[in-house]
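Undergrad: The whole structure should be built from the sequences, with the hints applied where relevant.
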Amino acid sequence: MPKKKSTNSFPPLPHDQVAWMTFLVPLVIGLGVGYATSATTAPNVGIVLLLFWLTALCFFLARYPLLTIAKASNSESQGDSIYWSGIYISIALLGGITLLLTTQQWWLAVLGVFSSVSLGINLWLATRRMETSVASDWTLVLGSALSAPAGYIAIARSIDLVALMVYLLNVLFLGNIMYYFKFKVREQPRVTTAGSDRRARLLAARTPILYSLTAILIVAGLILGGWLPGLALVAMLVPLPKIVLGALERPVHVNVQHLGTIETLHSLVFLMIVLWAFRW
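Going by the working numbering, the sequence shown wraps up at 445, each residue one higher than the last.
Derived from the structure by calculation, the hints contain no laboratory data. Each residue gets a CB set at the ideal place from its N, CA and C atoms; glycine is no exception. Mixed in with the good hints, there may be bad ones.
Said to hold, decoys possible - Pair by pair, the computed Cβ-Cβ distance ranges are: (1) Glu414 - Leu326: 36 to 42 Å; (2) Pro176 - Thr426: 22 to 28 Å; (3) Leu259 - Pro179: 20 to 26 Å; (4) Leu214 - Leu367: 39 to 45 Å; (5) Leu214 - Glu414: 20 to 26 Å; (6) Trp218 - Arg371: 37 to 43 Å; (7) Ser323 - Asn420: 41 to 47 Å; (8) Arg444 - Arg363: 16 to 22 Å; (9) Arg293 - Leu178: 24 to 30 Å.
TA: Listed below in structure tokens is the structure:
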């Protein structure tokens, strides 16, 4: 007699603090900047907020059962994942369609397609056992940051240069998180020792440091061009001290939860500065 397939009554949720920050920071910034820069309050703003949060959350959560399906070696282990991914995707589609009809902002559909393509590429890389590669991480960064312009468009009911700027800011910041986390978890324990001098430790962290400096220069250039408010530079400076101090630490066993807490605090500081920069 065939075994009955069980469905887990508890939805799969990410336990990674960094994953939640990469979801929440762009979303809150987009909604906040859209509200702060709007000349008038858009109609049905409460309904739009609810629909946007519901759609974005279910789309975010759908990745985890879909990732399990992509990496599963046999069909028997996919039952619960298929069940929950179906629920998440159905709610996201229903919420997204209702959001489009409510706001009449069809660019949201375009951004939704881009997000889906980003997720699809990420899942395809997972099937090739490349889910921890830089390419895979960048698909997540580029896709996650899309909630910033989407949130802005949904609230401001317009698409303009601000939507592009909040997207770029979030891409640069999430890239900082990605490179620093990869360095602390994979590179630092491998290439540095307790006897390494400061120069050797900083050299080992050259990728996240150079990335952070490049992001700062890009934002500074956009500020000089009049495309970003001056406080955006302060926001982009937030990760650099963390990266330098983290590089100078004596390598010990990696405490991922501790790293996640640090990233959460820095993400909240970045979020508040950006909102203040756009006159929240």
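Undergrad: Each hint should be assessed against the structure and marked as holding or not.
TA: Tested hints:
1. Glu414 - Leu326: 36 to 42 Å: 40 Å, holds
2. Pro176 - Thr426: 22 to 28 Å: Between proline 176 and threonine 426, where Cβ atoms are some 24 Å apart, the hint holds.
3. Leu259 - Pro179: 20 to 26 Å: 22 Å, holds
4. Leu214 - Leu367: 39 to 45 Å: The hinted range 39 to 45 Å holds for leucine 214 and leucine 367, with Cβ atoms some 44 Å apart.
5. Leu214 - Glu414: 20 to 26 Å: 41 Å, violated
6. Trp218 - Arg371: 37 to 43 Å: Holds - the Cβ-Cβ distance for tryptophan 218 and arginine 371, about 39 Å, lies within 37 to 43 Å.
7. Ser323 - Asn420: 41 to 47 Å: Hint holds: Cβ distance 44 Å, inside 41 to 47 Å.
8. Arg444 - Arg363: 16 to 22 Å: 41 Å Cβ-Cβ, so the 16 to 22 Å window is violated.
9. Arg293 - Leu178: 24 to 30 Å: Since the Cβ atoms of arginine 293 and leucine 178 sit about 26 Å apart, the hinted range of 24 to 30 Å holds.
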